[in-house]
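J.: Residue numbers (our numbering), protein chains in the order written: chain A, 1 to 115; chain B, 116 to 346.
Simulated from the structure, these hints should not be mistaken for lab results. Please read all numbers here as calculations on a predicted model, not as lab measurements. Backbone N, C-alpha and C fix where the C-beta goes; we use that ideal spot for every residue, glycine too. No false leads were slipped in.
Here are the computed lysine-lysine pairs in the DSSO-like style, where the Cα-Cα straight-line distance is at most 30 Å:
id : chain 1 : residue 1 : chain 2 : residue 2
1  : B       : Lys336    : B       : Lys326
2  : B       : Lys182    : B       : Lys326
3  : B       : Lys221    : A       : Lys85
4  : B       : Lys332    : B       : Lys221
5  : B       : Lys182    : A       : Lys85
6  : B       : Lys182    : B       : Lys155
7  : B       : Lys221    : B       : Lys276
8  : B       : Lys276    : A       : Lys85
9  : B       : Lys332    : B       : Lys276
10 : B       : Lys332    : A       : Lys85
11 : B       : Lys336    : B       : Lys182
12 : B       : Lys343    : B       : Lys332
Some, not all, of what chain B presents toward chain A, calculated at C-beta under 7 Å:
id : residue
13 : Lys276
14 : Tyr309
15 : Arg310
16 : Phe312
17 : Met341
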Amino acid sequence: MVNREVVGAHYGLRDWLLQRITAVIMVFYTLILLSALYAMPTFDYMNWKALWQSSVMRYSSFLFVLALAFHAWIGVRNIFMDYIKVASLRLVLYVVVILALCSYFAWAVQILWGR
Amino acid sequence: MRFQIYRFNPDQDSAPHMQEYDIALEPTDRMLLDALMRIKTVDDTFSFRRSCREGVCGSDAMNINGKNGLACITPLADVQEPVVIRPLPGMPVIRDLIVDMSQFFKQYHSVTPYVINDTPRPDGERLQSPEDREELNGLYECILCACCSTACPSFWWNPDKFVGPAGLLQAYRFIADTRDHATNDRLDNLEDPYRLFRCHSIMNCVDVCPKNLNPTKAIGKIKGLMLKRVL
Chain A
1 MVNREVVGAH YGLRDWLLQR ITAVIMVFYT LILLSALYAM PTFDYMNWKA LWQSSVMRYS
61 SFLFVLALAF HAWIGVRNIF MDYIKVASLR LVLYVVVILA LCSYFAWAVQ ILWGR
Chain B
116 MRFQIYRFNP DQDSAPHMQE YDIALEPTDR MLLDALMRIK TVDDTFSFRR SCREGVCGSD
176 AMNINGKNGL ACITPLADVQ EPVVIRPLPG MPVIRDLIVD MSQFFKQYHS VTPYVINDTP
236 RPDGERLQSP EDREELNGLY ECILCACCST ACPSFWWNPD KFVGPAGLLQ AYRFIADTRD
296 HATNDRLDNL EDPYRLFRCH SIMNCVDVCP KNLNPTKAIG KIKGLMLKRV L
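Take the sequences, apply the hints, and build the full model.
T.: See below:
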C-alpha cells in the first residue's frame, strides 16, 4: 500500500451534533438528579432505595449512561485522532474503548434493573 | 532594549539556540520590526521575512513573547523585556525566524480559494447587492500570515489533514460569496473528521489574529450550513 495522506471520510457532522445533544441530555439529567436528592425527605437508605426504584430515575439514568457512552466515545476518539499517529494502533485503541464503553453500559443496566 | 531570539542555521548548527541581544534603539524605532531591523544592522546573519512593514503582506508573522503576531504592527511600547522571539510554532524552520509555509498554503489551496461560477460571463463584473457583499466583511481581509493556524493545537497535531483556521476562514469566504456556485462541493470537501471537525473551538485563532478576524465564527457558520443541509 502506498504511503499517501488520505482525507475525505465524509463524516463528522453527525458526531459533532451527537456530542452536543448528549451534553445537553447530561446537563438535564444532572438537574433531575440534584432535584431528586434535594427533594428527599431524609438522606437515608430507604429513601435512596425508593429513589432508584422509581421508573423516572431508572429510565433517565439509562438515557444518561447511553448519552455518556456516546459522548465519551466521540471525545476519546478525538484524542486518539490527534495523538496516535499509527493507524493500526489507533484501530486497536478504538476497539478497546468501544468494548470498555459497551461493558460499562451493560454494567449500568444491570445496576439499574438488577436485584 | 533586550531581546532573546531563536537562532538556527541548519548549515552550521546541530540544534537551535536562543541568542541574546541588547540593542540601543533610535527614537524612530516604534514597532518591533524596526528593532529587528536594528538587530540586523549589528548581526547580519540574523534572518527573518518582512516586506510591506504595515500589516498588509503578512510576511513578518512570528511568536512574540509567546503569542503569534506581526512584528510590523506590534508597538515596542507594548512588549515586555526581554522580548522573546521565536518562529511560528509547529512549522519547519528554514533558518532563524523563517519557516516553511508549504503545508499552510497546501491547506489554503485545498479549499479552492476562488469564485467558481460556470454561468456565462456578463459584459461587466458579476455584481452583488450591498447586503450580500456585507457577508464578506470579516472574511476577505485575511492576509494569510498564518498567525492563527500556527496557534491552533489541532493544526499542530494534524497540519497535513486539518485545513486550519486560515484555510477554513477562506473556505467560508467563498461559501458566503453569492457569486460562487459551488457551495455543495465546498461543503462536501470539508465534511471530514480531520479537514473541518478537528476544530474544537479553542479560539486561539481569534486571540492572535492581527487583523481581528474571527475564524471560529466562520467555522461555526460552515458547520451550521452542513447541519441545515442534512435537516
